[in-house]
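Peer 1: As a plain string of letters, each chain reads:
Number of protein chains: 2
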Amino acid sequence: MNDTWITVYAPASIGNFGPGFDVLGAAIQGLGDRVEVRSANNNQVKIVDITGEGAETLPREAERNTASRAALLVLETLKSRGMSVGGLEMKIDKGIPAGSGLGSSAASAVAGGYAANVVCGSPLSLRDILLPITQAESEASGGFFADNTASSLYGGAVICKSSRPLDIIPLGGFPGLVVIAVTPKIRLRTEEMRAVLHRQVSLQDSIANMARSTTVVAALLMKNPSLLAGAFEDRLAEPVRAPFIPGFFDLRRAALETGALGCAISGAGPTVFALTDCQDRAQRIGEAMQAAFENVHLSSRLLITGIDEQGAREIFR
Amino acid sequence: MNDTWITVYAPASIGNFGPGFDVLGAAIQGLGDRVEVRSANNNQVKIVDITGEGAETLPREAERNTASRAALLVLETLKSRGMSVGGLEMKIDKGIPAGSGLGSSAASAVAGGYAANVVCGSPLSLRDILLPITQAESEASGGFFADNTASSLYGGAVICKSSRPLDIIPLGGFPGLVVIAVTPKIRLRTEEMRAVLHRQVSLQDSIANMARSTTVVAALLMKNPSLLAGAFEDRLAEPVRAPFIPGFFDLRRAALETGALGCAISGAGPTVFALTDCQDRAQRIGEAMQAAFENVHLSSRLLITGIDEQGAREIFR
Chain V
1 MNDTWITVYA
11 PASIGNFGPG
21 FDVLGAAIQG
31 LGDRVEVRSA
41 NNNQVKIVDI
51 TGEGAETLPR
61 EAERNTASRA
71 ALLVLETLKS
81 RGMSVGGLEM
91 KIDKGIPAGS
101 GLGSSAASAV
111 AGGYAANVVC
121 GSPLSLRDIL
131 LPITQAESEA
141 SGGFFADNTA
151 SSLYGGAVIC
161 KSSRPLDIIP
171 LGGFPGLVVI
181 AVTPKIRLRT
191 EEMRAVLHRQ
201 VSLQDSIANM
211 ARSTTVVAAL
221 LMKNPSLLAG
231 AFEDRLAEPV
241 RAPFIPGFFD
251 LRRAALETGA
261 LGCAISGAGP
271 TVFALTDCQD
281 RAQRIGEAMQ
291 AAFENVHLSS
301 RLLITGIDEQ
311 GAREIFR
Chain C
1 MNDTWITVYA
11 PASIGNFGPG
21 FDVLGAAIQG
31 LGDRVEVRSA
41 NNNQVKIVDI
51 TGEGAETLPR
61 EAERNTASRA
71 ALLVLETLKS
81 RGMSVGGLEM
91 KIDKGIPAGS
101 GLGSSAASAV
111 AGGYAANVVC
121 GSPLSLRDIL
131 LPITQAESEA
141 SGGFFADNTA
151 SSLYGGAVIC
161 KSSRPLDIIP
171 LGGFPGLVVI
181 AVTPKIRLRT
191 EEMRAVLHRQ
201 VSLQDSIANM
211 ARSTTVVAAL
221 LMKNPSLLAG
231 AFEDRLAEPV
241 RAPFIPGFFD
251 LRRAALETGA
261 LGCAISGAGP
271 TVFALTDCQD
281 RAQRIGEAMQ
291 AAFENVHLSS
301 RLLITGIDEQ
311 GAREIFR
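Chains as they are written, first to last, in my numbering: chain V, 1 to 317; chain C, 1 to 317.
Pulled out of the complex, with its shape left as it was, chain V reads as follows (with noise of 0.2 Å):
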């Protein structure tokens, strides 16, 4: 144990990444969470001090919030393998508004899970940790899902094999891939995004997303953005979540016709992303979208970002 206090960032992520619904995650550059941990002379996890974005909405109690949640797990996971473990105090610094569809729940369990762990030597492996994270994240979201917590862990983009049992597979990074992600000032509810979907599709529909998620990686590992155009529409959760975000049919319109190679919505909304290849576009569709949003009166906040190819790691300031 360790009874200085290290740092712990984990990176924004985007899930379903276009057509991968529940299946394919990606993290992104310049937005993320910190948590710092120190090891504590007692069996408790500790939260000590909240801040950054709604720090004054999450929870303090240690079972209850995300962050301190998974490491409690990733504790847990270290005594069930015979090692003693104490106790723990932490700090988070919210960088990733809640609710915005960039993976703000799985950023703060992968900071805090991630943090755990290295506060205690780093026995457990990335793969080893995933699970407990991804336990606590399903706590906060209300469904046991990777996309976010993976990408997120492991940086790049991922492919969330199975659920259960938890298997991924880490697709790595896509430089020069530019994302543009637009939030405008609406929140969501993940667990009210899932009540939406319909619980039978088309087969038509299902072929057509497998035909584009696997596109999708094919283009990221190919390293070829070209493959990208036409594949980032989603047939499966867009058509009845796109309602919750106005405007966002005439938004990808504008970010496509600027010259986006795809554009959807990110996670369970209601921040949308767009991608391309050429940086000079980028502020051009960022802007064009931001405009789509201005028009049925909502501000939003724009990021021009790529993909987070780190992952989680300890920073040293």
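Honestly, the hints are just simulated from the structure, not real lab data.
Fair warning: this is a prediction, and the values are worked out from it, not measured in the lab.
Beta carbons are placed, not taken as given, at the ideal position from N, Cα and C, and that holds for glycine.
Label pairs and their in silico Cβ distance ranges: (1) V:G121 with C:R301: 54 to 60 Å; (2) C:R281 with V:A291: 58 to 64 Å; (3) V:Q310 with C:E257: 37 to 43 Å.
Here are the simulated SDA-like cross-link-like pairs (lysine to any residue), alpha carbons at most 20 Å apart as the crow flies: (4) V:K223 with C:G172; (5) C:K223 with V:D167; (6) V:K91 with V:G54; (7) C:K223 with V:L221; (8) C:K185 with C:E294; (9) V:K79 with V:E89; (10) C:K79 with C:A40; (11) V:K223 with C:M222; (12) V:K79 with V:L131; (13) C:K185 with C:T57; (14) V:K223 with C:L221; (15) C:K223 with V:N224; (16) V:K79 with V:E63; (17) C:K223 with V:P170; (18) V:K79 with V:N43; (19) V:K185 with V:A98; (20) C:K223 with V:G172; (21) V:K185 with V:I304; (22) V:K223 with C:P170; (23) C:K223 with V:M222; (24) C:K223 with C:G259; (25) V:K91 with V:T51; (26) V:K223 with C:D167; (27) V:K223 with C:N224; (28) V:K223 with C:K223; (29) V:K79 with V:Q44.
Some chain V residues near chain C, calculated using beta-carbon distances under 10 Å: (30) C160; (31) I169; (32) Q200; (33) A211; (34) L220; (35) L227.
Model the placement of chain C on the given structure of chain V, informed by the hints.
Peer 2: Leaving out everything else, chain C in the frame of chain V:
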């Protein structure tokens, strides 16, 4: 035009390739159709001979035979681009039994269409001839799908990104991957096997197939056969098609217990195939699969082979 005979070979192929219903396909070695053509001084395509598997059952009218129909449509494509083309004489040598689920009609269409282009001096690209070839194949199979035609034409595995407009992504081969194909002595009609499909599927099954088909693409591109484990079960077509293949589930269990990475129906069946990266194990897996068919009183043919990386090609004897 060229009035000496030229010979084109097009490989058999596995449609769906496990979980990729209508989306993934892969060409295989060791089985294929041969088409010979030479130019003729008229505007007709004339079949002068058909030999090989089921030759006596195949139509000899140029408009109704898949190979000559593809050649006709390729010639029409050339005419529409302003080229002056004449007629063709064609001999067809069937290596792939019809109705086996190994892309028999696709290989004929590919060989016929490819040969027509070659005899005219190969003015068209593979991309150009894929559409007329797939059109010809669709008239035989009753559905416009390119998983067999594109893999037979390009070789290796393919993603069918979109049917209309037709857009495919060649993924290349997979050296070291062993394909074990077992064809029982029953025949299934592709059209009937399409009719049994459910028009609606559950969201959960759709997600599962998407997770698995993206995994298969990652395994192919990362050349990592171990990723294939657990990724080959199909929830879209297999549940309704397997009952037409006596003993299928016992056969799959036997293949997996003998060490196969995965086992699935090839295309619309009745051929079933298994994969392994261990050449030494392939014979035992094949025998276990054949024994499962024997248990339900079906004799079968065993082919132990690999992915064909070349696709359609002119052969010189």
